[in-house]
Structures are given as C-alpha cells and as structure tokens.
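*Asks:* Chain residues, written in single-letter form:
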Amino acid sequence: ETGVTQTPRHLVMGMTNKKSLKCEQHLGHNAMYWYKQSAKKPLELMFVYSLEERVENNSVPSRFSPECPNSSHLFLHLHTLQPEDSALYLCASSQGGSYNEQFFGPGTRLTVL
Amino acid sequence: AQKVTQAQTEISVVEKEDVTLDCVYETRDTTYYLFWYKQPPSGELVFLIRRNSFDEQNEISGRYSWNFQKSTSSFNFTITASQVVDSAVYFCALSSGSARQLTFGSGTQLTVLP
Numbered sequence: 001e002t003g004v005t006q007t008p009r010h011l012v013m014g015m016t017n018k019k020s021l022k023c024e025q026h027l028g029h030n031a032m033y034w035y036k037q038s039a040k041k042p043l044e045l046m047f048v049y050s051l052e053e054r055v056e057n058n059s060v061p062s063r064f065s066p067e068c069p070n071s072s073h074l075f076l077h078l079h080t081l082q083p084e085d086s087a088l089y090l091c092a093s094s095q096g097g098s099y100n101e102q103f104f105g106p107g108t109r110l111t112v113l
Numbered sequence: 114a115q116k117v118t119q120a121q122t123e124i125s126v127v128e129k130e131d132v133t134l135d136c137v138y139e140t141r142d143t144t145y146y147l148f149w150y151k152q153p154p155s156g157e158l159v160f161l162i163r164r165n166s167f168d169e170q171n172e173i174s175g176r177y178s179w180n181f182q183k184s185t186s187s188f189n190f191t192i193t194a195s196q197v198v199d200s201a202v203y204f205c206a207l208s209s210g211s212a213r214q215l216t217f218g219s220g221t222q223l224t225v226l227p
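Going down the list, the sequences are from chains G and V. Following my numbering, the numbering of the first sequence begins with 1 at its first residue and continues without gaps. Following my numbering, the numbering of the second sequence begins with 114 at its first residue and continues without gaps.
Just so you know, not all the hints are guaranteed correct.
[As the list claims (entries may be wrong)] Distance condition first, Cα-Cα at most 27 Å in a straight line; then the derived DSSO-like pairs of lysine-lysine:
1) G:Lys-22 to V:Lys-183
2) V:Lys-151 to G:Lys-36
3) G:Lys-19 to G:Lys-36
4) G:Lys-22 to V:Lys-151
5) G:Lys-22 to G:Lys-41
6) G:Lys-41 to G:Lys-19
7) V:Lys-151 to V:Lys-183
8) G:Lys-40 to V:Lys-151
9) G:Lys-36 to G:Lys-22
10) V:Lys-151 to V:Lys-129
11) G:Lys-36 to V:Lys-116
12) G:Lys-40 to G:Lys-22
13) G:Lys-18 to G:Lys-41
14) G:Lys-36 to G:Lys-18
15) G:Lys-40 to G:Lys-19
16) V:Lys-116 to V:Lys-183
17) V:Lys-116 to G:Lys-41
18) G:Lys-36 to V:Lys-129
19) V:Lys-151 to V:Lys-116
[Said to hold, decoys possible] Part of the chain G face toward chain V, derived, beta carbon under 8 Å:
20) Pro-42
21) Leu-43
22) Leu-45
23) Met-46
24) Tyr-49
25) Glu-56
26) Gly-105
27) Pro-106
28) Gly-107
Derived from the structure by calculation, the hints contain no laboratory data. Computed from a predicted model, the values in this text were never measured in an experiment. In this text, a Cβ means the ideal position worked out from N, Cα and C, and glycines have one as well.
Pulled out of the complex, with its shape left as it was, chain V reads as follows (with noise of 0.2 Å):
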C-alpha cells in the first residue's frame, strides 16, 4: 500500500515571504516516483516536478526548490519569495510499482496576500 501525508491543510503566508509545503510518504517498494502538482482556481492540476527514488539531489527551478529525503521519507516543496499568483492547492503525489497508480495526498491551500 502506499500513502501521502500533507500535515499542512492551510497556510497563509505575506507576499515576499518564503514558504515549505511537507509532504511525507509510505511505500514498500524501492523503485517509485514523487510528484508536486499546483492546483489554482480554475481546477486544473498543472504538474510541476517529477522524481524518482533513486535521485536524492535536490532541484531548483527559478523560486521553486524541491528537497527529497529517503531518510525520512520526505519530498518538501519550498517556494521563495511567494507572490500572490502562487495561491493555489499545491498536491503531493507517489506512484510506486506495486500500487500501479498515482496516490495523491490531501493537498495544502495556500494562500499569498498581498
């Protein structure tokens, strides 16, 4: 079986603040994959970042930086210098062998204000 948590159901942030999302994960397979999507008000899911078990580096895209760690079975998500654009349900996701799908944790509402 596998799982997602995201502890974090709300957060509101100011406008220029950085800001982590947690997503913590549970899987018996070693071979799987972790997704981060973005989910404004209009509905649609916009995929962000994908990452397999096997590459533990960290990822940086412009105010985006992701931080996996096996040790604890984390894969955070850090967006720097928040702007109000960001707000939006942000989703961890985990697709392992055995399961044969993509489990979605419970998503974290982000607020930015102005």
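Just chain G, same shape as in the assembly (with noise of 0.2 Å):
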C-alpha cells in the first residue's frame, strides 16, 4: 500500500447505526486530518492531529468522534448522524504543519438515511 488510504469507500447508514471511518498513510508522516467536503461546499477541516495529539477541533458535533492510536491510523468514529451529515469524508497526511503540502485518500462517501 502507497500513500494514504481510507476505509470504507462507501457507506450508507441509518440515524441510530454506529460506524467508524478507517484512515492509513504510509508516508511517514507526524499529522493527519479530517475534512469534509459537501456539494456546493469549500472543504471543511473537521480535526487534526499532530504526534497523535488532538490539536484542532474546529466545532464539529459530538456526534463525530476522532480517534488517533498512532502516528499512522486515523479513525472517525460516527454515531447518531443526520441527514445533512451526508458527504465525502476526506483523511489527509502531512510532515509537520499546515504549511506544507497535504498528501489525501480517496475518502469515503457516507450517505445517512
């Protein structure tokens, strides 16, 4: 496996389901990010990690939970999501801060019901 991949690539679930997204860059890399991106919508940075600690949080509802056991795995752990939580969840790697490039996965389209 190269780069970044992300599991499931597709999803579809009901408002009480409980599910996770997985997250994995084999690049080495020391931060890794949550976005995500609605029709019609600039991407939206969900969290970030960096050394595995939760440093950005940009007001995501609770009922979106990260989860970082390493530097290499990501997760997004889903529970009790609406309708409007319908969109391609993107995970994305980088070495060190914002500033330089962020290498993505494919993301995982999530469709709730």
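Build the complex: two chains, separate frames, hints provided.
*Replies:* Structure (structure tokens):
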C-alpha cells in the first residue's frame, strides 16, 4: 500500500447506527486530518492530529468522534448522525503543520438515511 | 482570518485551448503558503504546487504554470493546451501563521471537451 488509504469507500447508514471510518497513511508523516466535503461547499477541516495529539477541533458536533492511536492511523467514529452529515469525508496527512503539502486519501462517501 | 476566493465556479473549454483558473486570497499575515490541488472524479485531491509568500517567481511545470502576484493577492493557475484528462475540480488553498490550518476555496470545475 502506498500513500493514504481510506476504508470503506462507500457507507450507507441509518441515523441510529454506529460506524467508523478508517484512514491509514504510509508516508511516515506526523500529522493527520479529517475533512468534510459537502456538495457546493468548500472543504471543511474537522480535526487535526499532530504527533497523535488532537490540536484542532473546528466546532464539530459530538456525534463525530476522532481517534488517533498512532501516527499512521486515524479513525472517525460516527453515531446518531443526521441526513445533513451525508458528504465525502477525506483524510489527509502531512509532515509537520499546515505549511506543508497535505496528501489526501480517496475519501469515504457517506450517506445517512 | 484567512479567505480564498475562486470566483469561477465552472469553466468549459475545448481540447488544446489554454485556460486560466483564478484564485484571490486574503490574509493579514506576512508569512503564508499557497497551494493548488486537483480533484478528479475519483475524489482524491492531488497536490499540484506549494508557494511561499516570499517567492513571487512564476513557476512552470510542463503544461501547468502559476502566476503569483502579491500586489493583487492572486495566485492564478494556467493550463496550456488543455486535455480531456485535465477535467477535474481545482482547489486553491491558503495556510498562514495565525490560522494554523489550510483554508480552501470553493473550487473551479473544469471541463475539457474533446
């Protein structure tokens, strides 16, 4: 595996379900990010982890819960989501902070029914 | 606060035409970085270029070129002799010291017709 991988690529869930998105980076980077991309909207930064410590949390609802067990893995735990949470969720990694280029995974297309 | 504006929502060109994608940014910081990313239909954002605020030299990479002008706070992207494979959404982004995060523009959907 190379670059940044995300699983699953597609996910359909009901509002009462609990699911998790997984991201893995094989680039040796020390920072990882979750973004939300909704139709007709700019990418929204959700969470930033640097050296496995959360350093940014952009007022994301508590129904989204991130987890970074090590510098290569990042999870986004989902529970009791709303239909407006349907979007493409993108994971990215970088070496150092936001001044450096971020490398993105292919995303998880989430649909909440 | 930082902001990126991509006024062109959609552009359509015929193959082999040149096309310029506009990007205007706002920041109060003197040190900042500008980026361009390409998002093909597959969804994955692909990094194209990074430029810091102290380097105003224009850059060319194959058919791609970038024009950075601090006087107008613009970082425009030109594709020369466009090809169908260039069809994608292109995002301009800004990172500056005070914000500590990457701010994206809303993107420009480029369609290159055969």
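*Asks:* Against each hint, give a clear statement of whether it holds in the structure.
*Replies:* Hint check results:
no.: 1; hint: G:Lys-22 to V:Lys-183; verdict: 40 Å, violated
no.: 2; hint: V:Lys-151 to G:Lys-36; verdict: 16 Å, holds
no.: 3; hint: G:Lys-19 to G:Lys-36; verdict: 16 Å, holds
no.: 4; hint: G:Lys-22 to V:Lys-151; verdict: 23 Å, holds
no.: 5; hint: G:Lys-22 to G:Lys-41; verdict: 23 Å, holds
no.: 6; hint: G:Lys-41 to G:Lys-19; verdict: 24 Å, holds
no.: 7; hint: V:Lys-151 to V:Lys-183; verdict: 23 Å, holds
no.: 8; hint: G:Lys-40 to V:Lys-151; verdict: 16 Å, holds
no.: 9; hint: G:Lys-36 to G:Lys-22; verdict: 14 Å, holds
no.: 10; hint: V:Lys-151 to V:Lys-129; verdict: 19 Å, holds
no.: 11; hint: G:Lys-36 to V:Lys-116; verdict: 18 Å, holds
no.: 12; hint: G:Lys-40 to G:Lys-22; verdict: 25 Å, holds
no.: 13; hint: G:Lys-18 to G:Lys-41; verdict: 26 Å, holds
no.: 14; hint: G:Lys-36 to G:Lys-18; verdict: 18 Å, holds
no.: 15; hint: G:Lys-40 to G:Lys-19; verdict: 25 Å, holds
no.: 16; hint: V:Lys-116 to V:Lys-183; verdict: 15 Å, holds
no.: 17; hint: V:Lys-116 to G:Lys-41; verdict: 14 Å, holds
no.: 18; hint: G:Lys-36 to V:Lys-129; verdict: 34 Å, violated
no.: 19; hint: V:Lys-151 to V:Lys-116; verdict: 19 Å, holds
no.: 20; hint: Pro-42; verdict: 5 Å, holds
no.: 21; hint: Leu-43; verdict: 4 Å, holds
no.: 22; hint: Leu-45; verdict: 5 Å, holds
no.: 23; hint: Met-46; verdict: 11 Å, violated
no.: 24; hint: Tyr-49; verdict: 13 Å, violated
no.: 25; hint: Glu-56; verdict: 6 Å, holds
no.: 26; hint: Gly-105; verdict: 7 Å, holds
no.: 27; hint: Pro-106; verdict: 4 Å, holds
no.: 28; hint: Gly-107; verdict: 4 Å, holds
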